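Peer 1: Use these hints to put chain L onto chain Y, whose structure you have.
Protein chains: 2
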Amino acid sequence: MDYMLFAIFLAACFGAGATGMLFPTGTWYENLDKPNWTPPNWMFPIMWTSIYLLISFAAARVAGLEGSGYAMAFWAAQIAFNALWTPTFFGLRRMKGALLVMCCLWISVLGCFITHWQLDFWAGLAMLPYLIWVTVAGMLNYTVWRLNPNTPILDLTKI
Amino acid sequence: MDYMLFAIFLAACFGAGATGMLFPTGTWYENLDKPNWTPPNWMFPIMWTSIYLLISFAAARVAGLEGSGYAMAFWAAQIAFNALWTPTFFGLRRMKGALLVMCCLWISVLGCFITHWQLDFWAGLAMLPYLIWVTVAGMLNYTVWRLNPNTPILDLTKI
Numbered sequence: 000m001d002y003m004l005f006a007i008f009l010a011a012c013f014g015a016g017a018t019g020m021l022f023p024t025g026t027w028y029e030n031l032d033k034p035n036w037t038p039p040n041w042m043f044p045i046m047w048t049s050i051y052l053l054i055s056f057a058a059a060r061v062a063g064l065e066g067s068g069y070a071m072a073f074w075a076a077q078i079a080f081n082a083l084w085t086p087t088f089f090g091l092r093r094m095k096g097a098l099l100v101m102c103c104l105w106i107s108v109l110g111c112f113i114t115h116w117q118l119d120f121w122a123g124l125a126m127l128p129y130l131i132w133v134t135v136a137g138m139l140n141y142t143v144w145r146l147n148p149n150t151p152i153l154d155l156t157k158i
Numbered sequence: 000m001d002y003m004l005f006a007i008f009l010a011a012c013f014g015a016g017a018t019g020m021l022f023p024t025g026t027w028y029e030n031l032d033k034p035n036w037t038p039p040n041w042m043f044p045i046m047w048t049s050i051y052l053l054i055s056f057a058a059a060r061v062a063g064l065e066g067s068g069y070a071m072a073f074w075a076a077q078i079a080f081n082a083l084w085t086p087t088f089f090g091l092r093r094m095k096g097a098l099l100v101m102c103c104l105w106i107s108v109l110g111c112f113i114t115h116w117q118l119d120f121w122a123g124l125a126m127l128p129y130l131i132w133v134t135v136a137g138m139l140n141y142t143v144w145r146l147n148p149n150t151p152i153l154d155l156t157k158i
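For the protein sequence lines, the chains are Y and L, in the order given.
For the first sequence, position 97 (counting from the first letter as 1) is numbered 96 according to numbering that gives the first Met the number 0, and the numbering increases by one without interruption.
For the second sequence, position 78 (counting from the first letter as 1) is numbered 77 according to numbering that gives the first Met the number 0, and the numbering increases by one without interruption.
So that you can see chain Y by itself, here it is in the shape it has in the complex (with noise of 0.2 Å):
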């Protein structure tokens, strides 16, 4: 593996993740209804850390290899929804909007998952506990969004 395009795919994991850090949960997220199943808030932290060196390592093994292409292309993808989920949910308190992001994001995690699998056995394999954790987040965006039907968005345009 290249290590220094390891780092550079982490690094725009970096970009994606530091959203989770610009846009914490606060006392927004604690109030609203949620599902027996939510995770603990701890656990995404070190979900989404283990996830990006994992799937930062699958794109490094991947990568330039001949027929890649479309596995670049899912791997872009998916780090623009994933980066944009955040300030959706977070941010704008948009969960609707949120999660035809989260829709997005899982789409493009399945065709790096496929794509990834094609080309080497080891960079599919790390790319699957990111499509069972998107499928849980998805799942959960969805839940949240149902139980808490009346929240109002937040309009930047008036603060």
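Keep in mind that the hints were calculated from the coordinates and are not lab data.
Nothing here was measured: the structure is a model prediction, and the numbers come from that model.
Cβ coordinates follow ideal geometry from the N, Cα and C atoms, glycine included.
Treat the hints with care, since some could be wrong.
Stated by the list, open to error - Examples of chain Y residues lying across from chain L (beta carbon under 8 Å, computed):
| no. | residue |
| --- | --- |
| 1 | F8 |
| 2 | A10 |
| 3 | G14 |
| 4 | A15 |
| 5 | T26 |
| 6 | E65 |
| 7 | G68 |
| 8 | Y69 |
| 9 | A72 |
| 10 | A75 |
| 11 | F80 |
| 12 | P86 |
| 13 | T87 |
| 14 | L155 |
| 15 | T156 |
| 16 | I158 |
Peer 2: Chain L in isolation, oriented as in the chain Y frame:
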């Protein structure tokens, strides 16, 4: 060029560009002191749409070429930092933080320009307007930050 690849890279751009619709400029930005060379508001969506089309074209041309690993890694990094900038500046009103994001974005775009250029003349050329535009945007970010030193950031945990 593979049009399906182009579409996936464009979807990534749409993910990053959606922040421009979700976090509009509004009165807060209007009331900031800005340099006299600030581009008019209508110019931003035109520039970004053109740039997104150009960089998706560039990525679709080089993706999967032998030795395209670094080009794809820098492309992924730029789209993540691109998605991060708008929520940081317009969402959180963190001008200094946004400047840091802009530095990361600028380095990623420079990396894209060099690596795409080495692989394909037209892909490199298509990256050039982006490099120029993020240089202007970075200078604008810096100048607006210096002209408005006492602007409070938006603390979402208190809303």
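Peer 1: The structure should be examined with respect to each hint, and the outcome stated for every one.
Peer 2: Comparing the hints with the structure gives:
{"no.": "1", "hint": "F8", "verdict": "holds (5 Å)"}
{"no.": "2", "hint": "A10", "verdict": "holds (5 Å)"}
{"no.": "3", "hint": "G14", "verdict": "holds (3 Å)"}
{"no.": "4", "hint": "A15", "verdict": "holds (5 Å)"}
{"no.": "5", "hint": "T26", "verdict": "holds (7 Å)"}
{"no.": "6", "hint": "E65", "verdict": "holds (7 Å)"}
{"no.": "7", "hint": "G68", "verdict": "holds (3 Å)"}
{"no.": "8", "hint": "Y69", "verdict": "holds (7 Å)"}
{"no.": "9", "hint": "A72", "verdict": "holds (4 Å)"}
{"no.": "10", "hint": "A75", "verdict": "holds (4 Å)"}
{"no.": "11", "hint": "F80", "verdict": "holds (5 Å)"}
{"no.": "12", "hint": "P86", "verdict": "holds (4 Å)"}
{"no.": "13", "hint": "T87", "verdict": "holds (6 Å)"}
{"no.": "14", "hint": "L155", "verdict": "holds (7 Å)"}
{"no.": "15", "hint": "T156", "verdict": "holds (4 Å)"}
{"no.": "16", "hint": "I158", "verdict": "holds (7 Å)"}
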